[in-house]
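Generate coordinates for the entire structure from the input sequences, incorporating the hints supplied.
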Amino acid sequence: MDWEEMQHTWQEMSELRREEHLVDEKYLRKLTHRKSLSGLYRIAIYELTGILVSLVMLSYLIFNFHKLNTWLDLLGGYGSLVILIFSLVLGARLIWRIFQIDIRRNSLSATLKDFSRFKKSLGFYKNMSVYISIILPFFMLPLLANFFFGKNILEEWENWLSALMYSFLLLPIIFYFIIRFYKRNIRQVNEALAEIEEPSDDYNF
Amino acid sequence: MNPEDTFIASLRQHEGIIYKVSSIYAREPEDRYDLYQEIILQLWKAWGSFKKQSKLSTWMYRIAMNTAITYIRKQKRRGKSVKIGQEVLERAEAENPALEERMNLLYRHIESLNKLDKALILLFLEEKNYEEIAEITGLSKSNVGTRLSRIKQRLKSQIRKKV
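Residue numbers (my numbering), protein chains in the order written: chain A, 1 to 205; chain B, 1001 to 1163.
Think of the hints as simulated: they come from the structure by calculation, not from any bench.
Hints are not guaranteed to be accurate.
Below, a list of computed lysine-lysine pairs in the DSS-like style, where the Cα atoms sit at most 27 Å apart [unchecked claim]: (1) 1128/B with 113/A; (2) 35/A with 1045/B; (3) 1141/B with 30/A; (4) 113/A with 1161/B; (5) 1045/B with 30/A; (6) 119/A with 1128/B; (7) 113/A with 1152/B; (8) 120/A with 1152/B; (9) 1020/B with 1045/B; (10) 1128/B with 26/A; (11) 1128/B with 30/A; (12) 35/A with 1051/B.
Derived CB-CB ranges, DEER-like [unchecked claim]: (13) 1153/B with 45/A: 41 to 47 Å; (14) 3/A with 1006/B: 35 to 41 Å; (15) 1149/B with 56/A: 52 to 58 Å; (16) 1161/B with 81/A: 58 to 64 Å; (17) 14/A with 1006/B: 36 to 42 Å; (18) 1055/B with 176/A: 33 to 39 Å; (19) 1002/B with 45/A: 17 to 23 Å; (20) 1055/B with 15/A: 36 to 42 Å; (21) 1004/B with 60/A: 17 to 23 Å.
Every residue gets a Cβ at the ideal spot worked out from N, C-alpha and C, and that includes glycine.
Structure below.
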């Protein structure tokens, strides 16, 4: 197939499409009333849920911060605060990147740039989520013991050691659910990234 | 006429645009149908903001392509999506096997291009002038010209290698 043949083939296909309608009106009307299938929309929903959960946890921690008396409790409290705030900022940033992608008003090149920035943010967010899921349980354990069981881990260090060992057992399960939670969308994004990571793929314009 | 009726009427005039964009950007049938549906939804959502400052087809190309380049494939189809059916989108070409074969070859050549270049070649094949292409893509006219000539060279050498 040479270049002229490509153009001719395209014109022939276009003529054929012009002559008939692909779907009837009933289907078109249905399509205008359904929810978006967009991956961006789904990621935004997941992240908004995550932000909400983090906000609830953060609020609870701040409200009960006065109950933290020992150095371990305070370490757990401050550590958890930092991590939760960091998670909130990351999640909010990711959602902000999604909303930057204005497919209705932007040109193609602007959309591509915004989408590239979103993908970079998503990659960073994915990596940070894994580290956070490793570190957070260590900070949360003393707080959980204090808030929900009224116990001081320092006085019951054997129990704390058991709890820590249980948390090591639980970690793979936690990882599994966290990774599964993001897996579908992250894999799709990676596949989409792989698709477009071609030698001529620069958007410096 | 209510906005939905006007939208449907306009859509039916330019249905080919959505089909072509979804065919260029999604080769798997399931992805193509999802993308087709998503483009229509995005066009409908944006319909209220169409102020006729550009041609309707230009506006549709821009939104369709923006939807296509930000499209993230699903792993499996959700039951809630409206089932258009493969036969609907393939009907016209299935009736002309020779054309279908040439189109598949054409799509295979275009598939090797990145998302922006796919848009440029699609608009060029649609006989849009450089000004319209620049409006849709946000590139300068000279940039459009340079990129198109590079794309054509690349496709020509690709075609020559296959022969």
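Status of each hint after checking the structure:
Of the pairs offered as hints, the one joining residue 1128/B and residue 113/A holds, with about 23 Å between alpha carbons and a cut-off of 27 Å not exceeded. Taken as a hint, the residue 35/A and residue 1045/B pair is honoured in the structure, with Cα atoms around 11 Å apart against an allowance of 27 Å. Using a Cα cut-off of 27 Å, the hinted pair residue 1141/B and residue 30/A is violated, with the two alpha carbons roughly 39 Å apart. As the CA atoms of residue 113/A and residue 1161/B are separated by approximately 33 Å, the hinted pair breaks the 27 Å bound.
Between residue 1045/B and residue 30/A the CA atoms are separated by roughly 13 Å; this keeps the pair inside 27 Å, and the hint holds. Annotation: proposed proximity of residue 119/A to residue 1128/B is violated, straight-line Cα distance about 31 Å (limit 27 Å). Of the supplied pair hints, the one linking residue 113/A and residue 1152/B holds, its CA atoms being roughly 24 Å apart against a limit of 27 Å. As the CA atoms of residue 120/A and residue 1152/B are separated by approximately 31 Å, the hinted pair breaks the 27 Å bound.
Taken as a hint, the residue 1020/B and residue 1045/B pair is honoured in the structure, with Cα atoms around 20 Å apart against an allowance of 27 Å. Note on residue 1128/B and residue 26/A: the hinted pairing is violated, with a Cα-Cα distance of about 31 Å set against a maximum of 27 Å. Restraint check for residue 1128/B and residue 30/A: not satisfied, since their Cα atoms lie roughly 31 Å apart, outside the 27 Å limit. Pair hint residue 35/A plus residue 1051/B holds up; C-alpha atoms about 25 Å apart against a cutoff of 27 Å.
In this structure the hint that residue 1153/B and residue 45/A lie 41 to 47 Å apart at CB holds, the actual value being about 44 Å. Evaluation of the 35 to 41 Å hint for residue 3/A and residue 1006/B yields a pass: the beta carbon distance comes to about 39 Å. The beta-carbon spacing between residue 1149/B and residue 56/A, approximately 57 Å, falls within the hinted interval of 52 to 58 Å. A beta carbon spacing of about 60 Å between residue 1161/B and residue 81/A agrees with the range 58 to 64 Å that was offered as a hint.
Taking 36 to 42 Å as the suggested C-beta distance range, the pair residue 14/A and residue 1006/B does not conform, at roughly 24 Å. The hint said 33 to 39 Å for the Cβ distance between residue 1055/B and residue 176/A, and at roughly 52 Å that hint is violated. The hinted range of 17 to 23 Å is not satisfied by residue 1002/B and residue 45/A, whose Cβ atoms lie roughly 30 Å apart. A hinted range of 36 to 42 Å is violated for the C-beta pair residue 1055/B and residue 15/A, which are about 20 Å apart.
The hinted range of 17 to 23 Å is not satisfied by residue 1004/B and residue 60/A, whose Cβ atoms lie roughly 46 Å apart.
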